[in-house]
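S.K.: Each chain, written out:
Protein chains: 2
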Amino acid sequence: MISSIARVKNTRSLIKSRMSSTAALVEKTRGTVKPEKVLTKETMNPFVRSSEYAVLGALPSRAEMIKKMLKTDPEKFKFEDVVFCNIGNPHIFNQKPITFFRQVTSLCENQDLLKKENREIVSQLYPEDAIERAETLLHHIGPLGAYADSKGVYHIRENIARFIERRDGYKSDPETIFLTQGAGDGIQSVLELLNQPAQKTGVMIPIPQYPIYTAALQLMGAEPIPYYLDGTNQFALDLRRLEQSIKEARQKSMDVRALAVINPGNPSGQCLPIENIREVIQFCHQERLVILADEVYQENIFWPQQYPFHSFKKVLKSMGSRYDGQELFSFHSISKGTVGECGRRGGYMECTNVDAEVLQELYKVFCIFSGANIQGQIMVDLMTNPPSQGDPSWPQYKREVDGIQSSYHRRAQRLAECFNRLEGVSCDEARGAMYLFPRIRLPQRAITEAVLNGISPDSLYAMDLLNETGICVVPGSGFGQEPGKFHIRCSFLPEESLFDRLCKDIEAFHKKFMEHYKD
Amino acid sequence: MISSIARVKNTRSLIKSRMSSTAALVEKTRGTVKPEKVLTKETMNPFVRSSEYAVLGALPSRAEMIKKMLKTDPEKFKFEDVVFCNIGNPHIFNQKPITFFRQVTSLCENQDLLKKENREIVSQLYPEDAIERAETLLHHIGPLGAYADSKGVYHIRENIARFIERRDGYKSDPETIFLTQGAGDGIQSVLELLNQPAQKTGVMIPIPQYPIYTAALQLMGAEPIPYYLDGTNQFALDLRRLEQSIKEARQKSMDVRALAVINPGNPSGQCLPIENIREVIQFCHQERLVILADEVYQENIFWPQQYPFHSFKKVLKSMGSRYDGQELFSFHSISKGTVGECGRRGGYMECTNVDAEVLQELYKVFCIFSGANIQGQIMVDLMTNPPSQGDPSWPQYKREVDGIQSSYHRRAQRLAECFNRLEGVSCDEARGAMYLFPRIRLPQRAITEAVLNGISPDSLYAMDLLNETGICVVPGSGFGQEPGKFHIRCSFLPEESLFDRLCKDIEAFHKKFMEHYKD
Numbered sequence: 030m031i032s033s034i035a036r037v038k039n040t041r042s043l044i045k046s047r048m049s050s051t052a053a054l055v056e057k058t059r060g061t062v063k064p065e066k067v068l069t070k071e072t073m074n075p076f077v078r079s080s081e082y083a084v085l086g087a088l089p090s091r092a093e094m095i096k097k098m099l100k101t102d103p104e105k106f107k108f109e110d111v112v113f114c115n116i117g118n119p120h121i122f123n124q125k126p127i128t129f130f131r132q133v134t135s136l137c138e139n140q141d142l143l144k145k146e147n148r149e150i151v152s153q154l155y156p157e158d159a160i161e162r163a164e165t166l167l168h169h170i171g172p173l174g175a176y177a178d179s180k181g182v183y184h185i186r187e188n189i190a191r192f193i194e195r196r197d198g199y200k201s202d203p204e205t206i207f208l209t210q211g212a213g214d215g216i217q218s219v220l221e222l223l224n225q226p227a228q229k230t231g232v233m234i235p236i237p238q239y240p241i242y243t244a245a246l247q248l249m250g251a252e253p254i255p256y257y258l259d260g261t262n263q264f265a266l267d268l269r270r271l272e273q274s275i276k277e278a279r280q281k282s283m284d285v286r287a288l289a290v291i292n293p294g295n296p297s298g299q300c301l302p303i304e305n306i307r308e309v310i311q312f313c314h315q316e317r318l319v320i321l322a323d324e325v326y327q328e329n330i331f332w333p334q335q336y337p338f339h340s341f342k343k344v345l346k347s348m349g350s351r352y353d354g355q356e357l358f359s360f361h362s363i364s365k366g367t368v369g370e371c372g373r374r375g376g377y378m379e380c381t382n383v384d385a386e387v388l389q390e391l392y393k394v395f396c397i398f399s400g401a402n403i404q405g406q407i408m409v410d411l412m413t414n415p416p417s418q419g420d421p422s423w424p425q426y427k428r429e430v431d432g433i434q435s436s437y438h439r440r441a442q443r444l445a446e447c448f449n450r451l452e453g454v455s456c457d458e459a460r461g462a463m464y465l466f467p468r469i470r471l472p473q474r475a476i477t478e479a480v481l482n483g484i485s486p487d488s489l490y491a492m493d494l495l496n497e498t499g500i501c502v503v504p505g506s507g508f509g510q511e512p513g514k515f516h517i518r519c520s521f522l523p524e525e526s527l528f529d530r531l532c533k534d535i536e537a538f539h540k541k542f543m544e545h546y547k548d
Numbered sequence: 030m031i032s033s034i035a036r037v038k039n040t041r042s043l044i045k046s047r048m049s050s051t052a053a054l055v056e057k058t059r060g061t062v063k064p065e066k067v068l069t070k071e072t073m074n075p076f077v078r079s080s081e082y083a084v085l086g087a088l089p090s091r092a093e094m095i096k097k098m099l100k101t102d103p104e105k106f107k108f109e110d111v112v113f114c115n116i117g118n119p120h121i122f123n124q125k126p127i128t129f130f131r132q133v134t135s136l137c138e139n140q141d142l143l144k145k146e147n148r149e150i151v152s153q154l155y156p157e158d159a160i161e162r163a164e165t166l167l168h169h170i171g172p173l174g175a176y177a178d179s180k181g182v183y184h185i186r187e188n189i190a191r192f193i194e195r196r197d198g199y200k201s202d203p204e205t206i207f208l209t210q211g212a213g214d215g216i217q218s219v220l221e222l223l224n225q226p227a228q229k230t231g232v233m234i235p236i237p238q239y240p241i242y243t244a245a246l247q248l249m250g251a252e253p254i255p256y257y258l259d260g261t262n263q264f265a266l267d268l269r270r271l272e273q274s275i276k277e278a279r280q281k282s283m284d285v286r287a288l289a290v291i292n293p294g295n296p297s298g299q300c301l302p303i304e305n306i307r308e309v310i311q312f313c314h315q316e317r318l319v320i321l322a323d324e325v326y327q328e329n330i331f332w333p334q335q336y337p338f339h340s341f342k343k344v345l346k347s348m349g350s351r352y353d354g355q356e357l358f359s360f361h362s363i364s365k366g367t368v369g370e371c372g373r374r375g376g377y378m379e380c381t382n383v384d385a386e387v388l389q390e391l392y393k394v395f396c397i398f399s400g401a402n403i404q405g406q407i408m409v410d411l412m413t414n415p416p417s418q419g420d421p422s423w424p425q426y427k428r429e430v431d432g433i434q435s436s437y438h439r440r441a442q443r444l445a446e447c448f449n450r451l452e453g454v455s456c457d458e459a460r461g462a463m464y465l466f467p468r469i470r471l472p473q474r475a476i477t478e479a480v481l482n483g484i485s486p487d488s489l490y491a492m493d494l495l496n497e498t499g500i501c502v503v504p505g506s507g508f509g510q511e512p513g514k515f516h517i518r519c520s521f522l523p524e525e526s527l528f529d530r531l532c533k534d535i536e537a538f539h540k541k542f543m544e545h546y547k548d
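In the order they appear, the protein sequences are chains A and B. If you count the first sequence from 1, position 223 lands on 252 in the working numbering, and the numbers rise without skipping. If you count the second sequence from 1, position 492 lands on 521 in the working numbering, and the numbers rise without skipping.
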């Protein structure tokens, strides 16, 4: 522990000395000497400067550095390798891509494989339905190397609409669907539409939250308005807290325009009950808020009987014509679920009850930046329309998906049990998503030491965990947490074979940490 | 013509009636009735509302509509199909992707192809060097489905740096290179860094210009400051015009922070001479402006002996230590050149002499949105490191690239000749890029009619051209043009076999148009 604290101190003095040299430079420029650079941290966009993003912040930077050091000096740390539990990145832990999906993408890339003269050889390598799917996709896409419609290939949007209809039982219109480069891209575009730079635009966001919301709002100079999920009750969404939060924001003259909700929850892993979703919709309708429903974990559901996934679209449509004007943007992604194709950057958003002129404006923005990449779009097509029973690829597809899902469930439970065995730690089970968000009751001495060193107490815990065990998690403060409560977010994505070591290391570390800081 | 003008009139009255119904709705909301939607064109971000993007504006929308109508009623127009000359989208005109590139991407997608047991079959379909390249890339990338470093895969950044070094003869550091989703993505990020929302931030942009600059600046509430390229002199960049432009902007209290330059030019097709680039760098250094060099057409050079491409980086580095502080962002893309992979969204930017802390902040923004898609990154690797002489794929690669380049050259010349034969039209040859930007001296009656109908005269011409011939171009006003001068931008990408018809149709249309509007 001592070593990591010394390091933090060094970093802080380094930062201080850098700041003073910068200050000197700025001072200099007030005289006659021209400063060297036009663009410095001092003169850049202050919204960019002040935005924060913890998922890839100080902890993961340190983790990357340790990883490099281990390559040249494998004995430097007490562990052999870094375990990246800071990010929902399944393939990094040897989760295999879905075979059928990659067969199709590979055929789309090399159309020589689809030529008649190669058919005999190619059918030794590819199943018939993969070849057919590639042919269908290419027929509709046209040349793979050309710009697609900036909203996305129409055929793919039609397939997504059918997927949504099967899921919800309500109509979906392909014209209201936009293909995106991951969910974050769509979220940013919608926040951009909502922002009124001349006013104090506010968007309600859950705390804890996936920090893209805060970051995107900060980048555009808008205000995140936190509403706290109830950590004592499985991070439920409590209506009174919403009311309290909007009241306070409006008292500060904020123009509160939208509410973001993450379901299943990230980092908190809850699945909202249908009654709760209804309440949220009523609240937004009453308060005239656009709903942003981040549903990227809709496939990661661990107790489908008790805690199923309900889409906001489905619940909204079930509430009758009174809510026909309620605007809803729903986001989905290929990065999560059993697909896990994070590197490809793909996703979609569905715009329900959104004004036609606004959709046209959104389309214009997509045109400016040329829309989503086609390789991501193809993966969205595959995710929303996988092989069905009877297809040649069905048995393998089913086996792969079931294998991933059941393993996620086992890993989630096992890690929660591990955390719950620790002194002062309480951890809800994950009902959805890919993370646990245990609360850690830190000893007062640890809190004091952290505060003295200018870092949050959960960061102190997480940094020590990393330095001692190689396990990289994200401090709860990166997602927001109730004052005085400390958490970490830890993904349960490492391969099951690593779990013995993972749990043993966490337990040993925690014991030592508590011992060291005991009051 | 009459028909299209009638249509314009109808559209205008439709817009008017829509506006008044919206006004009525807004009026209503001032009373007790709540408006239906929270987010309307009136209440959305005004910067988004007022941003413009002509490349995919009214003309292409109409073109898409005509294309649909032709499907159900092939007799409806005098032509059989729409020819999309509005956008630099080579593959739409049957330009084949580079075989080697797609072999590698297809192998990367389906790693089963690289397994030992499949090697024998696979080597009947793929050359050895494609298999090797895929193996090397995957070795460095790790799992293709995982998030890459948000800056891009380090190995690919190293390869890009080596490409830049070979091109320029000066060192390039992989740490200053960011992989992007097309050049536009990088341009937007840099403009975002430069923008100071509390001040009137200005960025100098060439007129005519590719409109992503104006659009991105408008979206963030910053000001494009135009400098006119000299249309009477091959759209040369005249230093006096730069000086004039910055002087006027500063008189209006603009904080002018950067200058964007497009070389080879889009839409104007010029290649800047080395002396001119030097002057621009001196000007920016003198005036303390960051340089944004958009060099996406660096491979589309038609007279390499007389008008070669010089990168801003190379010229800057050649100017000695006095310019060591001059900040330069250079952009490149996989969408243009002979690659033409527009749909994949890939590119890179190199940041020369940029402050280390600023690079760190830029990295943070890339982290928030998870960086560039890996399929685009792989294509950047291939573009910057294609097969070399001696490799099994070299002969085919060389044949393909030479074929595309020489055909571009022929098409560019042929289309310029066609335009120059027309009454009142003058058209510079294209020295680079993919477009011609002929100036059209329109009859006064056409100008008056356009003005009466509330559209720009060049839009009237372009809309009539579309309705009469199916050829879709972009009106010059979409790129900006000197007051009173009218242009269109027309790509020369259609297949050579279409050129007879294309030129014949343009000539016949132009004659009829001039006849109709003659004074």
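Any given hint might turn out to be false.
As the list claims (entries may be wrong) - The calculated lysine-lysine pairs, modelled on DSSO-like cross-linking and capped at a C-alpha distance of 27 Å, are: (1) A:Lys-97 x B:Lys-96; (2) A:Lys-200 x B:Lys-97; (3) A:Lys-125 x B:Lys-144; (4) B:Lys-393 x A:Lys-96; (5) B:Lys-70 x A:Lys-200; (6) B:Lys-393 x A:Lys-427; (7) A:Lys-70 x B:Lys-540; (8) A:Lys-281 x B:Lys-70; (9) B:Lys-144 x B:Lys-107; (10) B:Lys-541 x B:Lys-96; (11) B:Lys-97 x A:Lys-393; (12) B:Lys-393 x A:Lys-346; (13) A:Lys-393 x B:Lys-144; (14) B:Lys-229 x A:Lys-144; (15) A:Lys-144 x B:Lys-145; (16) A:Lys-70 x B:Lys-145; (17) B:Lys-200 x A:Lys-70; (18) A:Lys-393 x B:Lys-427; (19) A:Lys-229 x B:Lys-541; (20) A:Lys-144 x B:Lys-514; (21) B:Lys-100 x A:Lys-393; (22) B:Lys-96 x B:Lys-540; (23) B:Lys-541 x A:Lys-144; (24) A:Lys-145 x B:Lys-70; (25) A:Lys-200 x A:Lys-393; (26) A:Lys-229 x B:Lys-200; (27) A:Lys-107 x A:Lys-200; (28) B:Lys-144 x A:Lys-145.
Note that these hints are calculated values from the structure, not bench results. Computed from a predicted structure; not experimentally measured.
S.K.: With reference to the structure, classify each hint as holding or not holding.
M.R.: Okay, the hints, checked on the actual structure:
no.: 1; hint: A:Lys-97 x B:Lys-96; verdict: 56 Å, violated
no.: 2; hint: A:Lys-200 x B:Lys-97; verdict: 24 Å, holds
no.: 3; hint: A:Lys-125 x B:Lys-144; verdict: 15 Å, holds
no.: 4; hint: B:Lys-393 x A:Lys-96; verdict: 20 Å, holds
no.: 5; hint: B:Lys-70 x A:Lys-200; verdict: 25 Å, holds
no.: 6; hint: B:Lys-393 x A:Lys-427; verdict: 39 Å, violated
no.: 7; hint: A:Lys-70 x B:Lys-540; verdict: 58 Å, violated
no.: 8; hint: A:Lys-281 x B:Lys-70; verdict: 26 Å, holds
no.: 9; hint: B:Lys-144 x B:Lys-107; verdict: 55 Å, violated
no.: 10; hint: B:Lys-541 x B:Lys-96; verdict: 23 Å, holds
no.: 11; hint: B:Lys-97 x A:Lys-393; verdict: 20 Å, holds
no.: 12; hint: B:Lys-393 x A:Lys-346; verdict: 39 Å, violated
no.: 13; hint: A:Lys-393 x B:Lys-144; verdict: 45 Å, violated
no.: 14; hint: B:Lys-229 x A:Lys-144; verdict: 57 Å, violated
no.: 15; hint: A:Lys-144 x B:Lys-145; verdict: 24 Å, holds
no.: 16; hint: A:Lys-70 x B:Lys-145; verdict: 52 Å, violated
no.: 17; hint: B:Lys-200 x A:Lys-70; verdict: 25 Å, holds
no.: 18; hint: A:Lys-393 x B:Lys-427; verdict: 39 Å, violated
no.: 19; hint: A:Lys-229 x B:Lys-541; verdict: 55 Å, violated
no.: 20; hint: A:Lys-144 x B:Lys-514; verdict: 50 Å, violated
no.: 21; hint: B:Lys-100 x A:Lys-393; verdict: 25 Å, holds
no.: 22; hint: B:Lys-96 x B:Lys-540; verdict: 25 Å, holds
no.: 23; hint: B:Lys-541 x A:Lys-144; verdict: 46 Å, violated
no.: 24; hint: A:Lys-145 x B:Lys-70; verdict: 52 Å, violated
no.: 25; hint: A:Lys-200 x A:Lys-393; verdict: 25 Å, holds
no.: 26; hint: A:Lys-229 x B:Lys-200; verdict: 46 Å, violated
no.: 27; hint: A:Lys-107 x A:Lys-200; verdict: 56 Å, violated
no.: 28; hint: B:Lys-144 x A:Lys-145; verdict: 24 Å, holds
Hints 1, 6, 7, 9, 12, 13, 14, 16, 18, 19, 20, 23, 24, 26 and 27 from the list above are not met by this structure, while the remaining hints are.
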